[in-house]
Structure formats: structure tokens, C-alpha cells
Amino acid sequence: MNSLKRHFEALLWNSRFIVLLAVVSSVLTGLELFILASLDSARALTSVFTALNPGMTSDVKQALLAENLTRFIAVIDGYLLGAFMLIFGFGLYELFVSDLEAAREITSSGRLLVIKSLDDLKERLGKVILLIMIVELFKDAVKLKSNEPIDLLYVGASIALIALGLYLTHAPDSEKKHQPAGATSGANNMAS
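Position one of the sequence shown corresponds to residue 1 (my numbering), numbered consecutively onward.
Read the hints as simulated data drawn from the structure, not as lab findings. Think of the CB as a built atom: it goes at the ideal place given N, C-alpha and C, for glycine as much as any other residue. Check the hints yourself; a few may be wrong.
Below, simulated DSS-like cross-link-like pairs (lysine-lysine); rule was C-alpha separation at most 27 Å, straight line [to be verified]:
1) K127 to K116
2) K122 to K61
3) K127 to K143
4) K139 to K127
5) K116 to K61
6) K145 to K122
Here are the in silico distance ranges between beta carbons for each label pair [as the list claims (entries may be wrong)]:
7) L28 to I129: 16 to 22 Å
8) F17 to D59: 58 to 64 Å
9) N53 to E123: 33 to 39 Å
10) L161 to P54: 39 to 45 Å
11) E123 to L36: 51 to 57 Å
12) R16 to I129: 45 to 51 Å
13) H170 to L11: 40 to 46 Å
14) H7 to L161: 30 to 36 Å
Assemble the whole structure, with the sequences as input and the hints as a guide.
Written as C-alpha cells, this is what we have:
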């Protein structure tokens, strides 16, 4: 019976390697997003140089530059989404399979992302999602034709909410940095 239990637990433990499917597909998707964003960036840069043509009318130049601004914002979005996929893939690997030895050799801290739990992974991914939302809002604000004063109020409220979100996501980090070294352990001892 003990042998059966040991074999079952080994099988159960080794089933964690199924996460490698998510790791590989996340990293490949991240790489693909970086390549696509780089290609879009090259196209936008080419278009910017086209706008420098002295024979082009100012209206066409303005339209071309506005279109390129939207393209560059989309490029930033693509890079952020690629980073999101890489962080997700690396985090899953470190949580379920093993520490990244190559990262340990390169970084002084020994860990690339310092992901110790699912909460750490969620926190990092949440910050990247917030950055993507900021870029999307900026892209929409650039295209916005304000027909009514309420439209500007909506944009201002959106910016204020995102600023609040940024403040709230960074507030715990700054509290941790400014706390004395023994403050957290003392507080934990008092709670128990």
C-alpha cells in the first residue's frame, strides 16, 4: 500500500510538467508579438520619412503623422503584450517546474522576476495590464473628436482613475521599501 501511495504521489507531482505547454506557447506568443511590433515600428518609421517629402501638402502630412502616432501607440501596446506573455511564461515555469538557472547566472539577485507565489505573478501581470490600459486610453484619446464638453470630462475622469490605479499598485511597494527591516516581522508576531 505504501508503494502504491508513493507511486501515485510521484505521478501526481510529475503532472505539473503539463504547465510546459503553457510556458512554451506563452514564450512563443511573446516572441511573435515582439516581431510583429518591430515590423509595425519599421513600417511607421518608413511612413514618417515619407511625410518629410517637400512636395506633400500640409493636410496630407498632418493625416499621415496622426496615423503614425496611432501606429506607434499600437507598437507600444504590442511590446507590452509581448512582455506580458514572457512574464507569464517565465512565472509559470518558475512556480511549477524550476528556477531559471540561466537567469540566476546572469542576474545578481539570482532570480529574474522574483516570483515566489501566484500572488507575485498576478501582481506583476496586473501592473503590465494597467500599462496596456493606459496606452489604449492614450490611443483612444488621440483619436477622440470632442463634440461635447462631456467627452473631455470622460477623458479626464479616465485619466484620473488610471492615475489612482497606478498609485494603488505602487503604494504597497513604497510602504515595503520605507518600512524598517524588523517592522514586518514584529507586526506578524503581534498578529499571531
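Each hint, compared with the structure:
no.	hint	result
1	K127 to K116	holds (17 Å)
2	K122 to K61	violated (43 Å)
3	K127 to K143	holds (25 Å)
4	K139 to K127	holds (19 Å)
5	K116 to K61	violated (51 Å)
6	K145 to K122	violated (36 Å)
7	L28 to I129: 16 to 22 Å	holds (20 Å)
8	F17 to D59: 58 to 64 Å	holds (59 Å)
9	N53 to E123: 33 to 39 Å	violated (48 Å)
10	L161 to P54: 39 to 45 Å	holds (44 Å)
11	E123 to L36: 51 to 57 Å	violated (27 Å)
12	R16 to I129: 45 to 51 Å	violated (26 Å)
13	H170 to L11: 40 to 46 Å	holds (43 Å)
14	H7 to L161: 30 to 36 Å	violated (54 Å)
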